[in-house]
Amino acid sequence: MPAPTPFPRHLAVPMLAALACTFAGNHIAARIAFDHDAGVLLAILCRSGVALLLLGTLVAWQRQPLRLPPGAWPWQLLAGLLIATQSICLYSAVARIPVALALLAANTFPIILALLTWGLGGPPPTRRSAWLMGLILFGLLFALDVPAHLGGQGGGPDWLPGIGLALCAACAFAGALWVTEHRLSPLRGSLRSMLTMLVVFVGALLAGATELLPGGLAPPSASAGWIGLAVLALLYGLGFTLLFVCMPRLDMTRNAPVMNMEPVATLLLGWLILGQTLSPMQIGGGVIVVGGIVLLSYRKQA
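Residues are numbered in this note's numbering as their position in the sequence shown, beginning at 1, plus a constant of 1051.
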């Protein structure tokens, strides 16, 4: 089959920006659900269930066979478990700290992926990439308000666990990306994503049934929590599916860095909807982090 014609860049960039805002809205809706006592596993079940339904419909419509190449099933299972871990850690972080901070910490995954690739026999980071990684970490120190916490002025017992969970989410996501790129690349994106969501859904269901995460399936205590669950499931399912449907025409090699505006959109939505604010120093650190990630993404594609 001939390769699909890419969208013009003036159309592809706004589409990717809209998808980034969709994913940002999913995290804001999740925080609303958590603020009304919804369990983390219940949120993951809702979003992975809707995504699984939409991706399954797409795979059936494309009449894709469910057969995987020999030896691919263990790697597909590992990718699904890593994404499940990433989902649990990220949502647990979102429930504890401002959503924008959780997203900024989780978006350090390009650094972890580069180091993981190097550690597993890939090329080492270039000098410029290493400099950008250091810049990202420097900005992250201010975005997370580390100086204030070291000076005893930071607040809340949830800060350290929240940051730790967000960084764990970054590690799990980096691992899933490595597996996808080096072990599952022959699979069609929609099939791979559907199987990943199936593992996430079943994993969350088993974790809830065995009380692996106490209170993980707790229902919301108010209607606003149920609305938050519905919105996060709809936004994530639609965003995830549209990304993979449109990806062949979005020229991701050139345009992927646009997706890094997700933390910025999260910051704005968190302020408008949740009333969460950051200090000028934290905002400046966030700008450094996002800018460094964008430059690192462009460098990777060069």
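These are computed hints drawn from the structure, not numbers from a lab. Wrong hints could be hidden among the right ones.
[Said to hold, decoys possible] Okay, the calculated beta carbon distance ranges per label pair:
#, residue 1, residue 2, range
1, Leu1323, Val1197, 39 to 47 Å
2, His1061, Leu1323, 45 to 53 Å
3, Ala1069, Leu1264, 40 to 48 Å
4, Pro1057, Pro1208, 42 to 50 Å
5, Ile1278, Pro1059, 31 to 39 Å
6, Ile1278, Glu1232, 20 to 28 Å
7, Leu1117, Gly1215, 32 to 40 Å
8, Leu1263, Gly1107, 24 to 32 Å
9, Pro1212, Ile1324, 31 to 39 Å
10, Trp1112, Ser1330, 18 to 26 Å
11, Leu1319, Pro1212, 35 to 43 Å
12, Pro1121, Ser1272, 45 to 53 Å
Beta carbons: idealized from backbone N, C-alpha and C, even for Gly.
*So which hints don't hold here, by number, going up?*
1, 2, 3, 6, 9, 10 and 11
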